[in-house]
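Since the structure of chain A is already known, use the hints to place chain B on it.
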Amino acid sequence: MHNLEVRHLGRMGFGEAYALQCQLVDQRKQSLIPDQLLLVEHPHTVTMGRNGHEENILASPEVLEKTGIAFHQTDRGGDVTYHGPGQIIGYGIIDLRDWKRDVVAYVRGLEEVVIRTLAEFGIEGTRVDNCTGVWVNGKKIAAIGVHISRWVTSHGFALNLDTDLNYFQYIVPCGLTKPVTSFRDLGSEASREAVEKALVRHMSEVYSLSPVEPALTMESA
Amino acid sequence: MIDVVMPQMGESIVEGTLTRWLKKPGERVERDEPLFEISTDKVDTEIPSPTAGVLSEVLVEAGKTVAINTVVARISDGAAAPAPAPVAAADPAPAPPAPVAPVAVAAPAPTPPAPVQPPAPAPVAVAAETQGPLSPLVRKMARENNVDLGTVSGSGVGGRITKQDVEAHLSGSVPQAATTPVAAPPPAPVSVPPPARSEAAKVRVEPLSTMRQKIAEHMVMSKRVSAHVTTVHKVDMTKVAKLRAKQKDEFQARYGFGLTFLPFVVSAACQAIRSFPLLNASIDGTNILFHNDINIGIAVALENGLIVPVISAADEKNVVGLQRSIVDLAARARSRQLKPNEVTGGTFSITNFGSFGSIFATPVINQPQVAILGVGAVEKVPVVIDDAIAIRSVAHLALTFDHRLIDGALADQFCQKVKQVLEGWSESVL
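Which chain is which? The protein sequence lines are A and B, in order.
Everything in the first sequence is counted per the numbering used here, starting at 264 for the first residue and increasing by one.
Everything in the second sequence is counted per the numbering used here, starting at 350 for the first residue and increasing by one.
Hints listed in this document are in silico derivations from the structure and should not be mistaken for laboratory results.
Heads up, a few of these hints could be off.
Not everything, but these chain B residues come out facing chain A in the computed CB check (under 8 Å) [to be verified]: (1) 368; (2) 686; (3) 689.
Straight-line alpha carbon distances no greater than 25 Å define the calculated BS3-like cross-link-like pairs of lysine-lysine that follow [said to hold, decoys possible]: (4) B:768 / B:595; (5) B:563 / A:292; (6) A:292 / B:688; (7) B:688 / A:460; (8) B:413 / B:373; (9) B:591 / B:768; (10) A:292 / B:372.
Beta carbons: idealized from backbone N, C-alpha and C, even for Gly.
Extracted from the complex, chain A is given alone in its bound form:
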């Protein structure tokens, strides 16, 4: 079984986290590091995927700026989405050659990770045909967007824990005019720590990895 290094990054700006991702992706491609799961929380940010449509951002850049929301264009799949406090972002840097050479299976796997995690907290998450992500009663609780280069994945999922859902009004999440929800919205008081723990466990199970602390490093000449 291969290792999955889990990094808890805490609150980190989108740009900084993206730079770290790129660096790790590069190292993963060279097999210098094992598979990675980065867990992070971003400040208010609106990001746009490769296939994004500007018209899906309802607020003008000036409004976004005034509200203190950063805007980033990214290379993940999918349309526009919102990240912010109260969200658990999971970035997976996985070499699919060690698992399945199947990008769709990878995305279905991320959905599975979230669905199993929700189940632990008594929430029933489902898939919706042609709408990647995880849904609870027709409301989206987790968004997914992935980039792949040489079978190494980056980006991942954004799960709403106690996100202020009002911020989604600035965008049409993923181009769909469907409502969003969160753990809190559904009445769950689950803690960030507990949900992250469950995510790590299910991520490891779904992709047959064993979770480890990062960067063993060490020293001496």
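Below, chain B without anything else, positioned relative to chain A:
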């Protein structure tokens, strides 16, 4: 001419949307260089070029969705490309690797050669700063020949003035450095630039890997925390070498891995630690922590870093067990499959730089430990024994210890104990 097709990125996938071309027709592409991007189900994938050549034809435009295995482009091999873009004319002759995009690095400004000045030195000039330290010989030559070194241009490392520079200066064969007016100190240490250097970027920027950053932090931290002292002892490894030579084939056959010198050294170090437990301690504020377990870290070189996996309770293992642990930990270190508990809890470390040919080195202590033993190469050398010359297998063992806790006398007693165990080795390993 090679066809590029829409790849199948998964079992259930029958089509893909080509979202973006990363190369233009007529542009050169290297094998494995990203050529275009496709999108399937919220996944964006970069597709690398299957071959090196020139992108001669793009058959599917960005935005179109096509079935897998549809030909999306053609790549011709090199020169014969019908280059539509006049700029991207195919390189004639053996195409040099595509010029690396000039990484925008402020390369040190190429310095023009110092203007030639007539040999009459301006006597007023304040003795200009010379670059780098001066050797005693250069000082002496300057003094004896009454040369102002500020007027001699240095050609050594970092602009350092060498004996040859002084000689050249005396014979007047080399232009003197422009005598600098008081106000303008030399801008940067500049050695005479080697002739005809290309103007390409002189620096390539690469971020430090996480591992490299951690190693860097730890090394500097260790040097700051501990008072490093290294003592070196010569050890006659002949008995161990003979034993190893005699038994290594059978050892390999029986256990499936080779027999090296390292497990003997680990075993000897464990015995010495039992005699001198302070070597297995660490400092905690104003206390000494004596570790009851002897957990030996073994430094393992990785491609671009190193890691020190730990053999726990190493004193309880024999040579076979130690060798097995070393082989296993090293292999898993290189494939990054070590568990976290296998790289922590070390109480003493050993580094085997001899395997890279080093005679001896001065290793850095692996904090919070207080000593590290370095094993130099085992070499056959002539030695004098009872006034006769004999050939013996000799290694240098270098112990770096933390002088805050350990004094030289103790460190040397420890080394003598290691030496005594190795030199008197009689036990078979099979």
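- [ ] Against the earlier hints, flag every one the structure doesn't satisfy and list their numbers going up.
- [x] none
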